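Chains as they are written, first to last, in our numbering: chain A, 35 to 170; chain B, 35 to 170; chain C, 35 to 170; chain D, 35 to 170; chain E, 35 to 170; chain F, 35 to 170.
Rather than coming from a laboratory, the hints here were simulated on the basis of the structure.
Any given hint could turn out to be false.
It does not matter which identical chain is meant; a pair holds if it fits inside one copy or across any two.
Unchecked claim - Straight-line alpha carbon distances no greater than 27 Å define the calculated DSSO-like cross-link-like pairs of lysine-lysine that follow: (1) K146 - K67; (2) K36 - K154; (3) K67 - K99; (4) K36 - K146; (5) K42 - K99; (6) K99 - K36; (7) K154 - K42.
No experiment lies behind these values; they were computed from the predicted model shown.
There are 6 protein chains.
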Amino acid sequence: MKVTVSRKAHFNAAHRLHNPQWDAATNQQVFGKCNNANFHGHNYQLIVHVTGPIDPQTGYVMDMKVLADLIDEEVCDRFDHKNLNLDTEEFRELNPTAENICVVIWQRLRAKINNPFELKVTLYETERNYVEYAGE
Amino acid sequence: MKVTVSRKAHFNAAHRLHNPQWDAATNQQVFGKCNNANFHGHNYQLIVHVTGPIDPQTGYVMDMKVLADLIDEEVCDRFDHKNLNLDTEEFRELNPTAENICVVIWQRLRAKINNPFELKVTLYETERNYVEYAGE
Amino acid sequence: MKVTVSRKAHFNAAHRLHNPQWDAATNQQVFGKCNNANFHGHNYQLIVHVTGPIDPQTGYVMDMKVLADLIDEEVCDRFDHKNLNLDTEEFRELNPTAENICVVIWQRLRAKINNPFELKVTLYETERNYVEYAGE
Amino acid sequence: MKVTVSRKAHFNAAHRLHNPQWDAATNQQVFGKCNNANFHGHNYQLIVHVTGPIDPQTGYVMDMKVLADLIDEEVCDRFDHKNLNLDTEEFRELNPTAENICVVIWQRLRAKINNPFELKVTLYETERNYVEYAGE
Amino acid sequence: MKVTVSRKAHFNAAHRLHNPQWDAATNQQVFGKCNNANFHGHNYQLIVHVTGPIDPQTGYVMDMKVLADLIDEEVCDRFDHKNLNLDTEEFRELNPTAENICVVIWQRLRAKINNPFELKVTLYETERNYVEYAGE
Amino acid sequence: MKVTVSRKAHFNAAHRLHNPQWDAATNQQVFGKCNNANFHGHNYQLIVHVTGPIDPQTGYVMDMKVLADLIDEEVCDRFDHKNLNLDTEEFRELNPTAENICVVIWQRLRAKINNPFELKVTLYETERNYVEYAGE
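Just need the whole structure built from these sequences, with the hints factored in.
This is how it looks when you write it as structure tokens:
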């Protein structure tokens, strides 16, 4: 009996989309105002989905407090009120698009949430744009 | 041509997380403030997802009013403004975690929504925590 | 590495549910107040989900501005502030249920978003009722 | 001790903005796509706010079930799944802008919710546009 | 230059509406299913609004972290995961309607947020029902 | 007959809270992680409220398209995808707290929306924190 439990969190960060292998005109053409050299920012909303069996002792797939603490340690404490391009190891070389941020968050959490649990991450960059990654 | 139709509903209930096979200290350690002997409560938000072919006569997978009435009969009329531990058959022995409530709701609806329809239930315990079960 | 990007949009339209092969009493019985001869309407909320690999040059699965423009051209510019039954080619013969509207939107977008991208469309008719179609 | 209680409701309707004293070109210029002769529609969201003293016997300003029933009788049963221009007395002559709909709803409710209660009505035409009227 | 700053918080609690001076039939007639002897519960959503001048040194009316901590101490730590009727001083005698809870929260915060700040409290009992109190 | 019309908009920006008259330790103590030298960011949500009489010719207080265009010109085109501290005239000297941003937006709009219209601005910095200014 496999159930999915989902937990929401959020962090607020600055970023800039930029490919250093391209010249300024190409960056501007591809990334538009997201390429602003002085950065812009977002309230990122995160949903972490963990799928597994219900533990008959607790009635839990996973203790939501444990999951919430893990999200804080691995994601929010690292990215909240940061400049993703300048302040984090992960995005010094990697372009901080929503897609790449979502994959990085999945990878950090996957290192702590092992099989047989399945893991999916949903990341809202704005209310209108969001991305999902499930490790495939 | 398989389409999924989804219908939201809600019920407000009291509950307490507790494993009667454990002593008070273990219950407190595992369930924390959710173990409060006098209960606490939630506005549960429910989404029922039914997948099947579109009926060419109606353009419906299933009449949403029929689905809404079924959710009321099988779920809301039973659980709304109730104490899940004390007032319901289903959770007299079974710990009313979001996971277990979600599975119980799926089972009640599955008895009324037959194959070839697929059924999934999403249950929000709070805005930040939710669970899903699809019968696997 | 497959990631899903999702983009929200909306359009406001009038419609009437009606099967011209049935008499008035049957239409009233099946569609109830949705059969009102003078139409009613909705704020339709749309989410378009595109799944594919991340382009290593851009960090994008698909440029969200390109996707947003495509949704405007193929969906919102055609359906917004329209009477679906009277003003659109698609629903002159086809009953404009949420299910049928969702499939039509999927088909219009599928013609523009080719393999290997996967495509799914979610359509909210109200906050409580929504449908999804992924081409299966 | 004055407290305000607020209750949400909704209705789905078709409408058209039009001033019959103007020619077609002026109507098109002023109302744009909202002037579509075949109508369009909205999911109207309504919030009714009633301000008054707390009854020491009940702890209520007003029983929310009584207020909800009154909103159904005076507003939703009249306007839900209707064409405001064609199916209602109120908007046969009066242009059904959000402003005018809000004032009409306030007037209908004011006839039933007497002094010393204060009354305010909020009406969402879309998620992005809403209006308020308090009788001043 | 007076600006209002608003901060959201939440707590989950069980309660029962009951007037001990009435017999069971009257309580049932007035409070309906909210009178259930075994309690039910809600996710209460709280918004605290503080109005005052902007401090030219900080650009703040009030530090939101200070306000958030105060709400936790005075409200959430006392009411979260509690049975309002059984576990709190405030509602042992006072019927825990949304109106009365809102006034109690306002009084607790007013003792800590002094003039010249103005204070208003909004309390959502469900998504559809909410109350407000501003001390008048 | 005075009605309030409200229009939502949004912009995404980077900022840093800092008082240049203070040393680094004081800035860190007062503004905490909001003082990060490399900036962070938010999805700002804006609601502009205009109160006035209903024009009997149009049924409008103000044409929402005119109001939406004005908000774009005066606010979103200036602040969206910008670093408020580095890229804008308004916040080169003024600390870009939510309170100060809200007042600046009100002042810019007030120059274009004249008496007898009343004007109020609501600005959400996050889902949990928002501010309002009405010119008093």
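Evaluated hints:
Proximity of K146 to K67 under the C-alpha cut-off of 27 Å is restricted to the inter-copy arrangement: shortest distance 26 Å between copies versus 36 Å within a copy. Taking identical chains as interchangeable, the C-alpha atoms of K36 and K154 lie at most 27 Å apart whether they share a chain (14 Å) or sit on different chains (12 Å). Taking the shortest Cα distances, K67 and K99 sit within 27 Å of each other only across copies (11 Å), while inside one copy they are farther apart (39 Å). In this assembly of identical chains, the alpha carbons of K36 and K146 lie at most 27 Å apart whether taken from the same copy (20 Å) or from different copies (21 Å).
In this assembly of identical chains, K42 and K99 lie within 27 Å of each other by CA distance both inside one copy and across copies; the values are 12 Å within and 21 Å between. Taking the shortest alpha-carbon separations for K99 and K36, only the intra-copy value of 20 Å comes in at or below 27 Å, while the best inter-copy value is 29 Å. Proximity of K154 to K42 under the C-alpha cut-off of 27 Å is found in both arrangements, the shortest distances being 12 Å within a copy and 20 Å between copies.
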